[in-house]
Amino acid sequence: MRILIVEDEPKTGGYLQQGLTEAGYVVDWVQNGQDGLHAAQENRYDLLVLDVMLPGLDGWQLLQRLRLARHDEPVLFLTAKDALEDRVRGLELGADDYLVKPFAFAELLARVRTLLRRGKQLQPDSLHLADLSLDVLRRQVTRGGKRVHLTGKEFALLELLLRRSGEVLPRSLIASLVWDMNFDSDTNVIDVAIRRLRSKIDDDHSPKLIHTVRGMGYVMEIRQP
Amino acid sequence: MRPLSSLTARLSLLFGAVMIGLWLLTCLLFLHALKLHFASQDDAEIQGKLQLTRNFLLMQTRDGDVDWPLLGRQLDAALGGHHGLHVLIHAADGRLLVSSRPPHTPPLPSHLAAAAPLPAQPRLWRLETAAFRAQAMEVTLPGTAPGAPIRVQLRVFLDTSHHQHFIRQMQIWLVWLTFGLALAALLLGWLATRLGLKPLRALARVSASVTADKLDQRLAPEQLPIELQAPVLAFNAMLARLEHSFRRLSEFSSDIAHELRTPISNLMMQTQVALSKERNANDYREVLYSNLEEYERLARMVSDMLLLAKSDHGLLALQREELDLAQELDELLEFFEPLASDKPLRLVRRGQARLQGDRLMLRRAFSNLLSNAIRHAPAGSRVTVSLTDDERGVGVSVANPGPPIPAEQLPRLFDRFYRVDAARQHQSEGAGLGLAITRSIIEALGGSLAVRSDTHQTLFSSRFPRPAPGREGREEKSA
Chain A
149 MRILIVEDEP KTGGYLQQGL TEAGYVVDWV QNGQDGLHAA QENRYDLLVL DVMLPGLDGW
209 QLLQRLRLAR HDEPVLFLTA KDALEDRVRG LELGADDYLV KPFAFAELLA RVRTLLRRGK
269 QLQPDSLHLA DLSLDVLRRQ VTRGGKRVHL TGKEFALLEL LLRRSGEVLP RSLIASLVWD
329 MNFDSDTNVI DVAIRRLRSK IDDDHSPKLI HTVRGMGYVM EIRQP
Chain B
7 MRPLSSLTAR LSLLFGAVMI GLWLLTCLLF LHALKLHFAS QDDAEIQGKL QLTRNFLLMQ
67 TRDGDVDWPL LGRQLDAALG GHHGLHVLIH AADGRLLVSS RPPHTPPLPS HLAAAAPLPA
127 QPRLWRLETA AFRAQAMEVT LPGTAPGAPI RVQLRVFLDT SHHQHFIRQM QIWLVWLTFG
187 LALAALLLGW LATRLGLKPL RALARVSASV TADKLDQRLA PEQLPIELQA PVLAFNAMLA
247 RLEHSFRRLS EFSSDIAHEL RTPISNLMMQ TQVALSKERN ANDYREVLYS NLEEYERLAR
307 MVSDMLLLAK SDHGLLALQR EELDLAQELD ELLEFFEPLA SDKPLRLVRR GQARLQGDRL
367 MLRRAFSNLL SNAIRHAPAG SRVTVSLTDD ERGVGVSVAN PGPPIPAEQL PRLFDRFYRV
427 DAARQHQSEG AGLGLAITRS IIEALGGSLA VRSDTHQTLF SSRFPRPAPG REGREEKSA
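These protein sequence lines are chains A and B, in that order.
Its first residue numbered 149, the first sequence is counted upward by one per residue in the working numbering.
Its first residue numbered 7, the second sequence is counted upward by one per residue in the working numbering.
Certain hints may be false.
Sample of chain B residues with no beta-carbon within 10 Å of chain A, all distances over it, derived [what the hints assert, rightly or not]:
{"id": "1", "residue": "19"}
{"id": "2", "residue": "229"}
{"id": "3", "residue": "419"}
Each pair of labels, with its calculated beta carbon distance range [stated by the list, open to error]:
{"id": "4", "chain 1": "B", "residue 1": "424", "chain 2": "A", "residue 2": "355", "range": "42 to 50 Å"}
{"id": "5", "chain 1": "B", "residue 1": "303", "chain 2": "A", "residue 2": "218", "range": "40 to 48 Å"}
{"id": "6", "chain 1": "A", "residue 1": "355", "chain 2": "B", "residue 2": "460", "range": "47 to 55 Å"}
{"id": "7", "chain 1": "A", "residue 1": "324", "chain 2": "B", "residue 2": "237", "range": "25 to 33 Å"}
{"id": "8", "chain 1": "B", "residue 1": "328", "chain 2": "A", "residue 2": "361", "range": "38 to 46 Å"}
{"id": "9", "chain 1": "B", "residue 1": "460", "chain 2": "A", "residue 2": "339", "range": "30 to 38 Å"}
FYI, nobody ran anything at the bench for these hints, they're computed from the structure.
Idealized CB from N, CA, C, for every residue including glycine.
Model the full assembly from the supplied sequences, consistent with the hints where possible.
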């Protein structure tokens, strides 16, 4: 998957490129709007990460031009301004998502993954990992053949982790997707919820599936000891 | 004509114009009165002379016959001393019978002499050198045979030149006087206006001396004239508001700087210590993780402060949608459920309410209150959310038992960066902005937030009064 980053701030751009490359993507990075427009038109990218404040051609104009030229790759905007009008404007112009600086890299990564995933695969009705099974329609969970009883939110949490297994999910994303809490809420709650989930589906089983990635979030995957 | 932009100029010109106007009116009246006076004086004299002449004439008439030359000499003698008096007697056919004038006086110009003023009507002639006023009288001589009366016309001409001269002199004097007075009036008007407008200049001076760091100036309204008191009071009030806003702003800025210092200096120190000698990868990782936590706290702080700054300036763009508060709060309680049951605590929601508000913001506001309540409620107790909805408005309150907040701290609870215990445990507490944000959001939505705390419970209650009918939902500026 190819990603184009258009960001004029050198440290931000550098780290973004490094982080996304290490996450397995092919990343190109340009530092102004004009170069960005050129690059996007020359090459085929699967996702564009655009800073709004750019010298010369700014992020808005770049996006407009691309959309007019029938480029419909998903676009993720980065900005330090989070006025509602800016967000609405971005979305109206055809951006797919919007992140306000400062953001956690894990957040960016999760959203990048979401954008790249869209329209790509159907959501399966049952999810499996090791001996954990989750039946979405019947809302049932079993581990090691035994049924596990979860509350509604616990189920939603497990479903999220399972669907995006292998991805580190930041706490803020979990809060947003499971509880619809879209601000910097008290993320202790997430920790406690994860702990409870673990106690129900991980503690008495092997291998451990829910892992804490320090400073980033949580991930559900099988890890070789 | 462009309206005059100077009050002083306007007032002094107005004053001057009025004074000159009145003066001119007075002058005109005076001159008119003078003319009338002279005229009546002259007329009286002429009348008198006409009578005199008639008497002489009658005395001289015997049997319808008059010794005209004798009459002439008599008249000369009688009228000699009178300055400028001409008497003419004409027969009915126009023959000049008698002509009398003072000695050393030139005769009347012929056209004057021949002209015929009507009886009982004075006439005026103005010549280059003189002015005359004249009247006529018809006399019927007695003693003539009936059927053939002899009629003669007496005419008296009075030289009124000196009067005219006098009036003209007066006019010239008055014109000069008018000019002089005009100048004086303008000057005095200007002086008076300047004096009267002195308070305005004082106001201007005080205004000029007000700068961002000297906002404590005020004008003393008691010393001012009544008309200026209202604007001055408004001016003082405006200064007070500005001062208040500025102070808040500068306090906010210095608060921010202050609060950012500690985490930033922690970060620097940690990093410097880590770099001070060679360490193994694990240790570096630890430092990075620790730094990361600090960064996240800073990011949250910055984002919170931005929210507060926006709400201070009424820039919180608030959506308005109809919210079922029971449902909203139930979702919030569900979110906190893991935390609560950990303690354990029971979370209860009572009542129903509907509110026009911004969903995201209200969630944030109430979530702060709930988070605090859960943190401070002792294990095994209950946190209660109560909703009320009546004709006065909507109420949302969060109550938790637990140690009371000391009374002296209650008013400062909503201050930015205020933490109840000064020890500041950085691990669990945020930046101390939670309640400030909560209050800002509630106030921006038109509500109010209050706190009560005693040994029984701590209660945070918010009220959203019902808007007056006819008023559409508008963004309210927060205090």
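To see whether the hints hold, each was checked on the structure:
1. 19: holds (53 Å)
2. 229: holds (48 Å)
3. 419: holds (18 Å)
4. B:424 x A:355: 42 to 50 Å: The hinted range 42 to 50 Å holds for residue 424 of chain B and residue 355 of chain A, with Cβ atoms some 47 Å apart.
5. B:303 x A:218: 40 to 48 Å: At 44 Å between Cβs, range holds.
6. A:355 x B:460: 47 to 55 Å: holds (52 Å)
7. A:324 x B:237: 25 to 33 Å: Violated - the Cβ-Cβ distance for residue 324 of chain A and residue 237 of chain B, about 54 Å, lies outside 25 to 33 Å.
8. B:328 x A:361: 38 to 46 Å: holds (41 Å)
9. B:460 x A:339: 30 to 38 Å: holds (33 Å)
When held up to the earlier numbered hints, the structure conflicts with hint 7 and nothing else.
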